[in-house]
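**Student:** Please take these sequences and the hints and turn them into a complete structure.
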Amino acid sequence: MPREGILVDRPYERLTREQVELIHQVSMQILTDPGLISFNREAVDILHSHGAAVESIAGDHQSWQVKIPEQLVLKALDTAPRIVKLGARNPDNTLIMHGDEPRVYFITGSETNIWLDVDFPIYVSKADPTREIRVPEFKPRRGTVDDLCQSAHVCEHLEMADGYIRTVNIQDRDITEDNKDVNKFFASLNNNTKHFMSGLTSLKQLDNVVRMAELVAGGKKALEDNPIISFITCLVKSPLQFVDDTTATFIEVCRRGLPVAVSSSPQAGTTAPIKEAGIIAQINAEVLAGITLGQLVKPGTPVLYGSVPVRARMDTLGDSYGSVETSQYNIDCVQMARFYGIPNYSTSGVCDTKIPGQQSSIERLFSDIVVAMSGPQYLHCAFGLLDCNSVFCLLQAVLDDAHFKMIKFFLRQPRIDQPEMEAVLKQIRAVVTTPQKLYIGYIRPLLRSGEISGIYPFEGSGETDDVFELAYERMKELLARPVEHIDRETTSRIFEEIPGILPRLNIYERGS
Amino acid sequence: MPEDIISLIQESVIQGRITKDDEGMDEGMIGQPGVTELVERAPASGLSIQNIITKGLSGGMNIVGQKFEAGEYFIPDMLASAEAVSAAMKILQPRFAASNIKTKGTIIVATVKDDLHDIGKNIVSILLRGAGYTVKDLGNNIDTQVIVDAVREEKPQFLGLSALLTSTMARMADVIQMLEENGLRDQVKIIVGGAPVSEEFAKSIGADGYGADGFQAIAVVEDLASGTES
Chain A
12 MPREGILVDR
22 PYERLTREQV
32 ELIHQVSMQI
42 LTDPGLISFN
52 REAVDILHSH
62 GAAVESIAGD
72 HQSWQVKIPE
82 QLVLKALDTA
92 PRIVKLGARN
102 PDNTLIMHGD
112 EPRVYFITGS
122 ETNIWLDVDF
132 PIYVSKADPT
142 REIRVPEFKP
152 RRGTVDDLCQ
162 SAHVCEHLEM
172 ADGYIRTVNI
182 QDRDITEDNK
192 DVNKFFASLN
202 NNTKHFMSGL
212 TSLKQLDNVV
222 RMAELVAGGK
232 KALEDNPIIS
242 FITCLVKSPL
252 QFVDDTTATF
262 IEVCRRGLPV
272 AVSSSPQAGT
282 TAPIKEAGII
292 AQINAEVLAG
302 ITLGQLVKPG
312 TPVLYGSVPV
322 RARMDTLGDS
332 YGSVETSQYN
342 IDCVQMARFY
352 GIPNYSTSGV
362 CDTKIPGQQS
372 SIERLFSDIV
382 VAMSGPQYLH
392 CAFGLLDCNS
402 VFCLLQAVLD
412 DAHFKMIKFF
422 LRQPRIDQPE
432 MEAVLKQIRA
442 VVTTPQKLYI
452 GYIRPLLRSG
462 EISGIYPFEG
472 SGETDDVFEL
482 AYERMKELLA
492 RPVEHIDRET
502 TSRIFEEIPG
512 ILPRLNIYER
522 GS
Chain B
12 MPEDIISLIQ
22 ESVIQGRITK
32 DDEGMDEGMI
42 GQPGVTELVE
52 RAPASGLSIQ
62 NIITKGLSGG
72 MNIVGQKFEA
82 GEYFIPDMLA
92 SAEAVSAAMK
102 ILQPRFAASN
112 IKTKGTIIVA
122 TVKDDLHDIG
132 KNIVSILLRG
142 AGYTVKDLGN
152 NIDTQVIVDA
162 VREEKPQFLG
172 LSALLTSTMA
182 RMADVIQMLE
192 ENGLRDQVKI
202 IVGGAPVSEE
212 FAKSIGADGY
222 GADGFQAIAV
232 VEDLASGTES
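Protein sequences, first through last, are from chains A and B.
The numbering used here numbers the first residue of the first sequence as 12 and each following residue consecutively.
The numbering used here numbers the first residue of the second sequence as 12 and each following residue consecutively.
Treat the hints as calculated values from the structure; they're not laboratory data.
Please note that a few of the clues may not be correct.
Which chain A residues face chain B? A few, computed with CB under 10 Å, are given here [to be verified]:
(1) A441
(2) V443
(3) P446
(4) K448
(5) I451
(6) G452
(7) I454
With a straight-line cut-off of 27 Å between C-alpha atoms, the simulated BS3-like cross-links for lysine-lysine are [as the list claims (entries may be wrong)]:
(8) B:K66 / B:K214
(9) B:K101 / A:K448
(10) B:K147 / B:K124
(11) A:K150 / B:K78
(12) B:K166 / B:K124
(13) A:K448 / A:K365
(14) B:K113 / B:K101
(15) A:K448 / B:K214
(16) B:K166 / A:K487
(17) B:K124 / B:K113
(18) A:K309 / A:K416
(19) B:K124 / B:K214
(20) A:K232 / A:K215
(21) A:K96 / A:K232
(22) B:K31 / B:K124
(23) B:K66 / A:K448
(24) A:K416 / A:K96
(25) A:K437 / B:K31
(26) B:K66 / B:K147
(27) A:K416 / B:K78
(28) B:K124 / A:K448
(29) A:K215 / A:K309
C-beta atoms are modelled at their ideal positions from N, C-alpha and C, and glycine is treated no differently.
**Tutor:** Listed below in structure tokens is the structure:
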């Protein structure tokens, strides 16, 4: 049985049907004029061989103007699967995404450089030295393989996390460009049985990570049936450019038929128009260009319509994930993906602030709620991210799990039907005749069936705010819970066949 | 056999099942005797009324209290159990005189004049009955004179006053003052409660106790009954 996610019965939509169609038309116009600039020769050749107009820019033979006709895009959309299955080590964690069904899965992400530790030093009041309080202090540092293992471990136990994107970039001294991919894939797969999606640092490692996934899944055919890994590729650099290396990676992933998110992340105001109409028309064109290329490489390649639009901060021109417009852009993209029937990889929950706290909670909850209401299938970035996607905090991820529990509960379909109305009518008539006139007796059958939302799990006692301390205790509790690691025999084969995995990640060989 | 029935009575209280038709907490309980059916047949098994109350009903409520403290039970569970005890006590009450048993005491409860809010007062009433007290509930928006008259006539050990509004909480002081003027104040222990009420307010108007919630109200009444109130 796949994971349930939450089916949003009547998704929130910002755009009318006419506006969606208008955006589509303008995106098609963008793809023919000005078209895209491709820095990848193979993509140019593939598109050209299928009818795209191609012209070398300034005769440098390193970049080309590519004009993609609408019929090529529409043909690609025809072959792109409407249903994408993302498998998992534990089959119960499989994700099934229908492009036209607004069933939301909450996913982690997204490859931050900084890991945020938390500590609770004790402070003594100057006015009253007998009074002590514990105050959370957050300390940033570079992420490591151990951090990634911890993150995968805790996210395995986060009830609301439906899938896992590695949350932290591993920057240990013994990690290089050549061994980064195999280590991040192994660390994640070995500590988490949910679907694992990642970007690829080096195309040279693609076959190694695919082989690793085959070993874990039980063979080549088993991986095809149960794709426990998928890839995220930002082949488009806004505005409208196919980047050489990620486009090459994307093409190779498509050739192997593994699921891949075609992602674009324009910044409104700098790399895309600041106006909503402009950024949506552009990002839509960029994602469609990627999907078209992927379907030409291998028709039927399972793709996700990946949208990470963001507005620029006016004070720094950095990304502002906490801005209201960022959520609006994302919701628009959810609608565009649904228009095409392609499952959507969307973004919410990232905040602008550097540490957990009130601003973080406000910004992330705002986007988490409104974007989830629009019904994206694969909602990434949603756990633990801070500082505009550059910091990951495990404590925040634990807090976010509670947020998503509330959001998931909120998005449940109402039960208003004839049998329900008859039952409540009977209840009302019974209660008003009693001396106490209380409905409390009817709560009990619902109390433990999950039909009543729970109390906020990190509520403190008295008049102190204990949220961080309680969440920290929860985090430690989750870390103490065992995870189902890859078995000894498979681990052994992985270490034999796949070069570059750090020996310290082999839990069966530790201490020997 | 009698011990089995005590266990069953305890279990019915824990499950909050009054009759065989009640669902209770666990699956598959419907059809099994509830507390009223068990209490009706218990004396025929040789069980004393005293044992039915102390070992069966109170024993069950003690376990319910422990489950609540442990976070396993919620208020609706406590109330269901209290209602089960209350229903059982109603059956046993006619036998009290013959068995030389007295209830733990009588308490009059009322929401004061101009205040229509009675949820808290009703919950306290259910819990008090479950704890073995006889409760006379006057209702809500009760005139001060009516409350004083009830104290005079019923001679309860306790009077519980409730108010939800800051504009009506002063009526509690009116009741206490009128009881003093009528020479009735020393006959009854008065506890007050309700959202705007505080320990400090209770002391300022001369009440004997304050309950922040239904469970604290029971604890205060028990303390006052045993003379251990602070």
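**Student:** Next, verify each hint and record whether it holds.
**Tutor:** Do the hints match the structure? See the list:
For A:A441, the interface hint is violated, since its Cβ never comes within 10 Å of a Cβ in chain B; the closest pair sits about 13 Å apart. For A:V443, the interface hint is violated, the least distance from its beta-carbon to any beta-carbon of chain B being 14 Å, above 10 Å. Nearest Cβ of chain B to the Cβ of A:P446: about 7 Å, under the 10 Å cut. The hint holds. At its closest, the beta carbon of A:K448 sits 7 Å from a beta carbon of chain B; the interface hint therefore holds under the 10 Å criterion.
Given the 10 Å rule on beta carbons, the hint for A:I451 holds: about 5 Å separates it from the nearest Cβ of chain B. The criterion of a C-beta within 10 Å of any C-beta in chain B is met by A:G452, whose closest approach is roughly 6 Å, and the hint holds. The restraint placing A:I454 at the interface with chain B holds, with a minimum CB-CB distance near 4 Å, inside the 10 Å limit. The hinted pair formed by B:K66 and B:K214 fails the criterion: a straight-line CA distance of about 37 Å is larger than 27 Å.
Pair hint B:K101 plus A:K448 holds up; C-alpha atoms about 20 Å apart against a cutoff of 27 Å. At most 27 Å may separate the alpha-carbon atoms for a hinted pair to count; B:K147 and B:K124 meet this at roughly 17 Å. Distance check on the hinted pair: A:K150 and B:K78 sit about 41 Å apart at the alpha-carbon level, beyond 27 Å; violated. Using a Cα cut-off of 27 Å, the hinted pair B:K166 and B:K124 holds, with the two alpha carbons roughly 21 Å apart.
Only pairs whose Cα atoms come within 27 Å are accepted, and A:K448 paired with A:K365 is rejected, the gap being roughly 51 Å. At most 27 Å may separate the alpha-carbon atoms for a hinted pair to count; B:K113 and B:K101 meet this at roughly 13 Å. At roughly 31 Å between alpha-carbon atoms, A:K448 and B:K214 are farther apart than 27 Å, so this suggested pair is violated. For the hint linking B:K166 to A:K487, the alpha-carbon distance of about 57 Å lies beyond 27 Å, and the restraint is violated.
Of the supplied pair hints, the one linking B:K124 and B:K113 is violated, its CA atoms being roughly 32 Å apart against a limit of 27 Å. For the suggested pair A:K309 and A:K416, the alpha carbons sit about 38 Å apart, so the restraint of at most 27 Å is broken. Distance check on the hinted pair: B:K124 and B:K214 sit about 20 Å apart at the alpha-carbon level, within 27 Å; holds. For the given pair, A:K232 sits about 22 Å from A:K215 by alpha-carbon distance, which is consistent with the 27 Å threshold.
Note on A:K96 and A:K232: the hinted pairing holds, with a Cα-Cα distance of about 15 Å set against a maximum of 27 Å. Between B:K31 and B:K124 the alpha-carbon distance is near 40 Å, which puts this suggested pair outside the 27 Å criterion. As the CA atoms of B:K66 and A:K448 are separated by approximately 31 Å, the hinted pair breaks the 27 Å bound. With a C-alpha separation of about 24 Å, the suggested pairing of A:K416 with A:K96 holds against the 27 Å cut-off.
Taken as a hint, the A:K437 and B:K31 pair is honoured in the structure, with Cα atoms around 20 Å apart against an allowance of 27 Å. This hinted pair checks out: B:K66 and B:K147 have alpha carbons roughly 26 Å apart, not beyond 27 Å. Proposed proximity of A:K416 and B:K78 is supported: the alpha carbons are some 25 Å apart, at most 27 Å. About 20 Å separates the Cα atoms of B:K124 and A:K448, which keeps this hinted pair within 27 Å; it holds.
Between the alpha carbons of A:K215 and A:K309 the distance comes to roughly 20 Å, so the proposed pair stays at or under 27 Å and holds.
Hint compliance for this structure: hints 1, 2, 8, 11, 13, 15, 16, 17, 18, 22 and 23 are not met, and every other hint is.
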